[in-house]
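Chains as they are written, first to last, in my numbering: chain A, 1 to 330; chain B, 1 to 243.
Treat the hints as calculated values from the structure; they're not laboratory data. Using N, Cα and C, we set each Cβ at its ideal position, and we do this for glycine too. Do not rely on the hints blindly, as some may be mistaken.
Each computed BS3-like pair below joins lysine-lysine, with the alpha-carbon atoms no more than 30 Å apart [unchecked claim]:
#, chain 1, residue 1, chain 2, residue 2
1, B, Lys72, A, Lys186
2, A, Lys103, B, Lys211
3, A, Lys91, B, Lys67
4, A, Lys58, B, Lys240
5, B, Lys72, A, Lys172
6, B, Lys211, A, Lys121
7, B, Lys163, A, Lys121
8, A, Lys91, B, Lys211
9, B, Lys163, A, Lys122
10, B, Lys240, A, Lys67
11, A, Lys91, B, Lys141
12, A, Lys8, A, Lys103
13, B, Lys67, A, Lys122
14, B, Lys67, A, Lys103
Here are the in silico distance ranges between beta carbons for each label pair [to be verified]:
#, chain 1, residue 1, chain 2, residue 2, range
15, B, Met144, A, Leu179, 28 to 38 Å
16, A, Arg110, B, Ala84, 41 to 51 Å
17, B, Gln156, A, Tyr16, 49 to 59 Å
18, A, Glu72, B, Ala226, 55 to 65 Å
19, B, Pro59, A, Asn86, 49 to 59 Å
20, A, Ser15, B, Pro59, 42 to 52 Å
21, A, Asn86, B, Leu92, 34 to 44 Å
22, B, Met144, A, Ser281, 39 to 49 Å
23, A, Leu76, B, Ser138, 24 to 34 Å
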Amino acid sequence: MIASYSIKDVAFSYSYQPVLMINTLDIPASSVIALVGPNGSGKTTLLHLLAFLITPQKGSFSFFGAKVSASELIRLRRRVGLLPQNPYLFKCSVLENVAIGLKLRGFSRREARKMAIEGLKKVRMEGYESRWPNSLSGGEAQRIALARTLALNPEVFLFDEPANHLDLESVKRTEQLILNLNRNKKKTVIFTTHNLSFAQNLTDFVIHIFQGQVVPTAPYNLFRGQIQHGGKIFDASAVQFDISKTTGRGTCLIVDPTKISISTQEEFANLPNAFHGRIISLSLLRDVVKIEAFAGEKFEIHAPTSSDITSLRIGREIWLHIGPNAITLV
Amino acid sequence: MFSIYKVSQRSSTLQFLLDSFHEAFLLLLHLDPEVFQIVWLSITVSFWSTIFSASIGIPVGALLALKDFRGKSILLLLLNTTMAAPTVVIGLFCYVLLSRIGPLGSLGLLFTPSGMVFGLFILATPIAANLSVAAIESLDKRLMLTCELLGASPVQQFWLVIKEARFAVMAAVVIAFGRIISELGIAMMLGGNIRGFTRTMTTAIALETSKGEFELGLALGFVLMAVALFINGLLFLVQKEHS
Numbered sequence: 001m002i003a004s005y006s007i008k009d010v011a012f013s014y015s016y017q018p019v020l021m022i023n024t025l026d027i028p029a030s031s032v033i034a035l036v037g038p039n040g041s042g043k044t045t046l047l048h049l050l051a052f053l054i055t056p057q058k059g060s061f062s063f064f065g066a067k068v069s070a071s072e073l074i075r076l077r078r079r080v081g082l083l084p085q086n087p088y089l090f091k092c093s094v095l096e097n098v099a100i101g102l103k104l105r106g107f108s109r110r111e112a113r114k115m116a117i118e119g120l121k122k123v124r125m126e127g128y129e130s131r132w133p134n135s136l137s138g139g140e141a142q143r144i145a146l147a148r149t150l151a152l153n154p155e156v157f158l159f160d161e162p163a164n165h166l167d168l169e170s171v172k173r174t175e176q177l178i179l180n181l182n183r184n185k186k187k188t189v190i191f192t193t194h195n196l197s198f199a200q201n202l203t204d205f206v207i208h209i210f211q212g213q214v215v216p217t218a219p220y221n222l223f224r225g226q227i228q229h230g231g232k233i234f235d236a237s238a239v240q241f242d243i244s245k246t247t248g249r250g251t252c253l254i255v256d257p258t259k260i261s262i263s264t265q266e267e268f269a270n271l272p273n274a275f276h277g278r279i280i281s282l283s284l285l286r287d288v289v290k291i292e293a294f295a296g297e298k299f300e301i302h303a304p305t306s307s308d309i310t311s312l313r314i315g316r317e318i319w320l321h322i323g324p325n326a327i328t329l330v
Numbered sequence: 001m002f003s004i005y006k007v008s009q010r011s012s013t014l015q016f017l018l019d020s021f022h023e024a025f026l027l028l029l030h031l032d033p034e035v036f037q038i039v040w041l042s043i044t045v046s047f048w049s050t051i052f053s054a055s056i057g058i059p060v061g062a063l064l065a066l067k068d069f070r071g072k073s074i075l076l077l078l079l080n081t082t083m084a085a086p087t088v089v090i091g092l093f094c095y096v097l098l099s100r101i102g103p104l105g106s107l108g109l110l111f112t113p114s115g116m117v118f119g120l121f122i123l124a125t126p127i128a129a130n131l132s133v134a135a136i137e138s139l140d141k142r143l144m145l146t147c148e149l150l151g152a153s154p155v156q157q158f159w160l161v162i163k164e165a166r167f168a169v170m171a172a173v174v175i176a177f178g179r180i181i182s183e184l185g186i187a188m189m190l191g192g193n194i195r196g197f198t199r200t201m202t203t204a205i206a207l208e209t210s211k212g213e214f215e216l217g218l219a220l221g222f223v224l225m226a227v228a229l230f231i232n233g234l235l236f237l238v239q240k241e242h243s
């Protein structure tokens with residue numbers, strides 16, 4: 001399968017502060033990908049890299065098999081469409097705003113207007129053509145910016161937090177739009193989100209970003225600490241484990257929420273990395289139950305809905321066990 | 001005796017002023033050719049000076065606002081200093097440039113309307129540039145990112161930014177025009193106040209007043225005030241549209 005993006009050993013820094021360090025990342029063409037991670041993890045920076053707004057300071061970066069070069073950035077930017085989280089609308093009519101990107105690409109005024117009207121129809125904003133941005137609500141402005149991106153009909157769509165601050169109906173509409181772009185038009189769609197269930201509903205796979213790196217599991221249960229006892233044990237207050245079992249060394253530890261064993265009995269009491277705590281919240285995702293438990297530290301646990309979860313209640317005592325395969329150092 | 005003298009002096013001064021106003025109105029009403037020629041020259045010279053200073057000042061302002069380069073702070077400081085420089089100093093500098101022995105002397109611009117345009121252009125360009133810098137720097141920070149993500153080339157980005165700042169940039173142009181049309185020192189030094197050739201409203205007012213002949217001076221003063229009112233009205237409309 002052709003990769004829309006192929007990234008190898010790429011690094012990017014702002015003022016000597018590294019914000020992105022990606023060893024390997026291949027994004028297949030015509031796929032739907034979610035970039036998930038906490039605030040400040042580098043999701044938006046990665047999205048800007050994929051939109052050719054920034055160029056990596058080192059490493060290899062290809063787009064549909066062709067190496068990305070700094071001299072071709074403008075041409076490449078015209079092949080992708082990025083919708084920022086908080087988009088800017090120009091001080092002109094809605095129709096002009098939607099048509100502006102098309103005019104920059106050399107479409108005639110007439111063609112651009114025609115395509116802009118089509119774009120507005122796609123987001124159900126017909127009749128807004130002559131309105132100015134200052135007369136629009138936040139949600140309407142967001143939809144105009146979406147129409148502007150759709151009208152460009154790029155090969156790759158990049159959405160920064162498309163479900164942010166949207167009501168349930170709008171989230172469903174956005175989900176439908178992303179699926180339509182991918183299934184009917186075979187477009188590659190990449191979006192950032194904090195909402196794992198939104199990501200899981202739509203994507204072929206989820207890329208977890210943490211501290212500028214692609215990490216193998218969801219970046220929940222993050223523990224910062226330092227290596228102690230002659231480099232044998234990573235002590236992050238809550239969790240301890242033998243670092244000789246990992247190849248990487250870092251200052252942060254992630255516990256995979258799907259690999260935490262839970263019990264309402266005392267069965268793990270004598271095991272290392274076993275914790276006694278209390279359930280503080282329970283929520284049902286698509287095929288997992290998300291459990292938040294406090295056991296000295298707050299843990300997030302994902303248990304399959306097929307497991308015995310009927311005895312779980314908020315406030316109930318719980319025993320957790322973190323096995324060595326649940327832990328990753330980044 | 002003294003108070004009678006004072007009252008009669010006051011009444012004669014008032015009468016003189018009223019007569020002057022009356023004469024000034026008549027000059028304007030009858031479209032006096034000399035008044036018309038002076039007003040026309042002032043507006044023409046100011047128009048071209050504004051066009052040239054805006055053509056250079058706005059792009060320079062945009063570049064200063066958008067690009068980071070070595071020596072930018074010094075350039076901004078120089079521009080600010082030029083903006084605050086006394087007009088007679090600018091006039092003197094331009095006089096040296098345009099005089100027969102100066103580097104531009106061969107052009108023969110001294111004591112011509114074109115020479116006045118040159119001097120006024122030197123005066124107004126820093127104003128247009130500085131106000132454009134302020135206008136563009138106050139734009140939304142997301143604008144440049146939006147231009148880039150829409151695939152705009154550097155030239156397209158430049159025009160999109162100026163288009164977004166158009167209300168403030170228009171205000172800068174209006175302010176520059178107002179500054180130019182009311183300028184006296186440069187017009188006098190580089191134009192020479194030659195009757196029927198380089199005499200502008202401000203130089204004519206200065207000359208007529210020094211001669212004690214207020215009618216023409218007042219008539220031109222009214223026109224100048226009307227122009228000032230028009231410019232301020234335009235600025236008000238631009239700002240209202242912007243808000």
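These are the hints, each one checked on the structure:
1. Lys72(B) with Lys186(A): violated, 48 Å
2. Lys103(A) with Lys211(B): Since the Cα atoms of Lys103(A) and Lys211(B) sit roughly 61 Å apart, the hinted pair is violated (cutoff 30 Å).
3. Lys91(A) with Lys67(B): Answer holds: Lys91(A) to Lys67(B) is near 23 Å, not above 30 Å.
4. Lys58(A) with Lys240(B): violated, 50 Å
5. Lys72(B) with Lys172(A): violated, 50 Å
6. Lys211(B) with Lys121(A): Violated, at roughly 73 Å.
7. Lys163(B) with Lys121(A): Roughly 27 Å separates the two Cα atoms, so the pair holds.
8. Lys91(A) with Lys211(B): Status violated; Cα separation ~53 Å.
9. Lys163(B) with Lys122(A): holds, 28 Å
10. Lys240(B) with Lys67(A): violated, 50 Å
11. Lys91(A) with Lys141(B): holds, 14 Å
12. Lys8(A) with Lys103(A): violated, 35 Å
13. Lys67(B) with Lys122(A): Not OK: Lys67(B) and Lys122(A) at ~38 Å, beyond 30 Å, violated.
14. Lys67(B) with Lys103(A): holds, 25 Å
15. Met144(B) with Leu179(A): 28 to 38 Å: Between Met144(B) and Leu179(A), where Cβ atoms are some 33 Å apart, the hint holds.
16. Arg110(A) with Ala84(B): 41 to 51 Å: Hint holds: Cβ distance 49 Å, inside 41 to 51 Å.
17. Gln156(B) with Tyr16(A): 49 to 59 Å: violated, 32 Å
18. Glu72(A) with Ala226(B): 55 to 65 Å: With a Cβ separation near 56 Å, Glu72(A) and Ala226(B) satisfy 55 to 65 Å, so the hint holds.
19. Pro59(B) with Asn86(A): 49 to 59 Å: violated, 30 Å
20. Ser15(A) with Pro59(B): 42 to 52 Å: Because 29 Å falls outside the window, the suggested range is violated.
21. Asn86(A) with Leu92(B): 34 to 44 Å: violated, 52 Å
22. Met144(B) with Ser281(A): 39 to 49 Å: holds, 42 Å
23. Leu76(A) with Ser138(B): 24 to 34 Å: holds, 31 Å
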